[in-house]
Amino acid sequence: MDTPKTAEFAHIGKSVIVKGDLTGSEDLYVDGQVEGSINLQGNSLTVGPNGQIRANVSAKTVIVQGKLEGNINATERVDFRKSAIAVGDVITQRVAIEEGAYFKGKVDIGKPESPGGRSEFKTDRDTVSPVANRAAAGTGSPIPGVTGKTPVTDIKKV
2 MDTPKTAEFA HIGKSVIVKG DLTGSEDLYV DGQVEGSINL QGNSLTVGPN GQIRANVSAK
62 TVIVQGKLEG NINATERVDF RKSAIAVGDV ITQRVAIEEG AYFKGKVDIG KPESPGGRSE
122 FKTDRDTVSP VANRAAAGTG SPIPGVTGKT PVTDIKKV
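Numbering (the numbering used here), first residue to last: 2 to 159.
Hints in this document: simulated from the structure, not taken from any laboratory. Even glycine gets a Cβ: it sits at the ideal position worked out from N, Cα and C. Where hints are given, some of them may not hold.
Stated by the list, open to error - Cβ pair distances, simulated, as ranges:
no. : residue 1 : residue 2 : range
1   : R95       : P50       : 19 to 27 angstroms
2   : A11       : T76       : 18 to 26 angstroms
3   : R78       : G37       : 17 to 25 angstroms
4   : K107      : Q42       : 16 to 24 angstroms
5   : R78       : Y103      : 13 to 21 angstroms
6   : K15       : D109      : 30 to 38 angstroms
7   : H12       : K107      : 13 to 21 angstroms
8   : V19       : Q42       : 16 to 24 angstroms
What the hints assert, rightly or not - Here are the computed lysine-lysine pairs in the DSBU-like style, where the Cα-Cα straight-line distance is at most 35 angstroms:
no. : residue 1 : residue 2
9   : K61       : K15
10  : K68       : K105
11  : K20       : K105
12  : K20       : K61
13  : K68       : K15
14  : K15       : K83
15  : K105      : K61
16  : K68       : K20
17  : K20       : K83
18  : K105      : K83
19  : K107      : K61
20  : K61       : K83
21  : K105      : K15
22  : K20       : K107
23  : K68       : K107
24  : K107      : K15
25  : K83       : K68
26  : K83       : K107
My request is simple: use the sequences and hints to build the entire structure.
Written out as structure tokens, the structure reads:
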């Protein structure tokens, strides 16, 4: 059992079914069923291997080992472990998806304090690969093989 590492956490066991809105100021481990919403701002949610959640989630960190259907807004991190089955959109600063996990949705990596939950990214043309520079200038496709104009050998790790 991958429970939160802090001494204070709540546990929803396998036989427990909760319908409604959950709000708390401690870490939560769910091995039962939750339907509604979960708001643990500043704390962690762990969905155990038997956990089944149909809810939008707001927390500091979210670890999914079971099933989660709903959107996740995590201020720090979201981890999808190998047994996870998750459907919904994610807004967080960091995300990890283990091999074997199932995830369907969009991921928005951004700073929660910025408007709309999105970070502003600035790029320097010198740090962009030559393939992307040619694509921006209209002289080739950024995807090799699409037009046949960009050889595969031009792709470089940035």
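Hint check:
Restraint check, R95 to P50: a C-beta distance of roughly 22 angstroms satisfies the suggested window 19 to 27 angstroms. For A11 and T76, the hinted distance range of 18 to 26 angstroms is satisfied, since their beta carbons lie about 19 angstroms from each other. Remark: the range hint 17 to 25 angstroms for R78 to G37 is upheld by a beta-carbon distance near 23 angstroms. Between K107 and Q42 the Cβ separation comes to about 22 angstroms, which falls inside the hinted range of 16 to 24 angstroms.
For the pair R78 and Y103, the beta carbons lie near 19 angstroms from each other, so the given range of 13 to 21 angstroms is met. Separated by about 32 angstroms at the C-beta atoms, K15 and D109 satisfy the suggested range of 30 to 38 angstroms. At about 31 angstroms, the CB distance of H12 to K107 disagrees with the hint of 13 to 21 angstroms. Taking the beta carbon of each, V19 and Q42 are about 19 angstroms apart, inside 16 to 24 angstroms as hinted.
With a C-alpha separation of about 24 angstroms, the suggested pairing of K61 with K15 holds against the 35 angstroms cut-off. For a cut-off of 35 angstroms, the pair hint linking K68 to K105 stands: about 12 angstroms separates their Cα positions. Only pairs whose Cα atoms come within 35 angstroms are accepted, and K20 paired with K105 is accepted, the gap being roughly 24 angstroms. The suggested pairing of K20 with K61 holds, with an alpha-carbon distance near 22 angstroms, which does not exceed 35 angstroms.
At roughly 13 angstroms between alpha-carbon atoms, K68 and K15 fall within 35 angstroms of each other, so this suggested pair holds. Annotation: proposed proximity of K15 to K83 holds, straight-line Cα distance about 20 angstroms (limit 35 angstroms). Among the hinted pairs, K105 with K61 is consistent with the structure: their alpha-carbon atoms are about 21 angstroms apart, no more than 35 angstroms. Restraint check for K68 and K20: satisfied, since their Cα atoms lie roughly 16 angstroms apart, inside the 35 angstroms limit.
The suggested pairing of K20 with K83 holds, with an alpha-carbon distance near 27 angstroms, which does not exceed 35 angstroms. Pair hint K105 plus K83 holds up; C-alpha atoms about 14 angstroms apart against a cutoff of 35 angstroms. Between K107 and K61 the CA atoms are separated by roughly 19 angstroms; this keeps the pair inside 35 angstroms, and the hint holds. Taken as a hint, the K61 and K83 pair is honoured in the structure, with Cα atoms around 21 angstroms apart against an allowance of 35 angstroms.
Proximity of K105 to K15 is assessed by CA-CA distance (about 25 angstroms); at most 35 angstroms being required, the pair is judged to hold. Under the criterion of a C-alpha separation no larger than 35 angstroms, the hint pairing K20 with K107 is consistent with the structure, at around 26 angstroms. As the CA atoms of K68 and K107 are separated by approximately 17 angstroms, the hinted pair is consistent with the 35 angstroms bound. In summary, the hint linking K107 to K15 is supported, as the alpha carbons are separated by about 29 angstroms, within the 35 angstroms threshold.
With a CA separation close to 11 angstroms, the supplied pair K83 and K68 stays within the 35 angstroms bound. For the hint linking K83 to K107, the alpha-carbon distance of about 19 angstroms falls within 35 angstroms, and the restraint holds.
Taken one by one, the earlier hints fail for this structure only at number 7.
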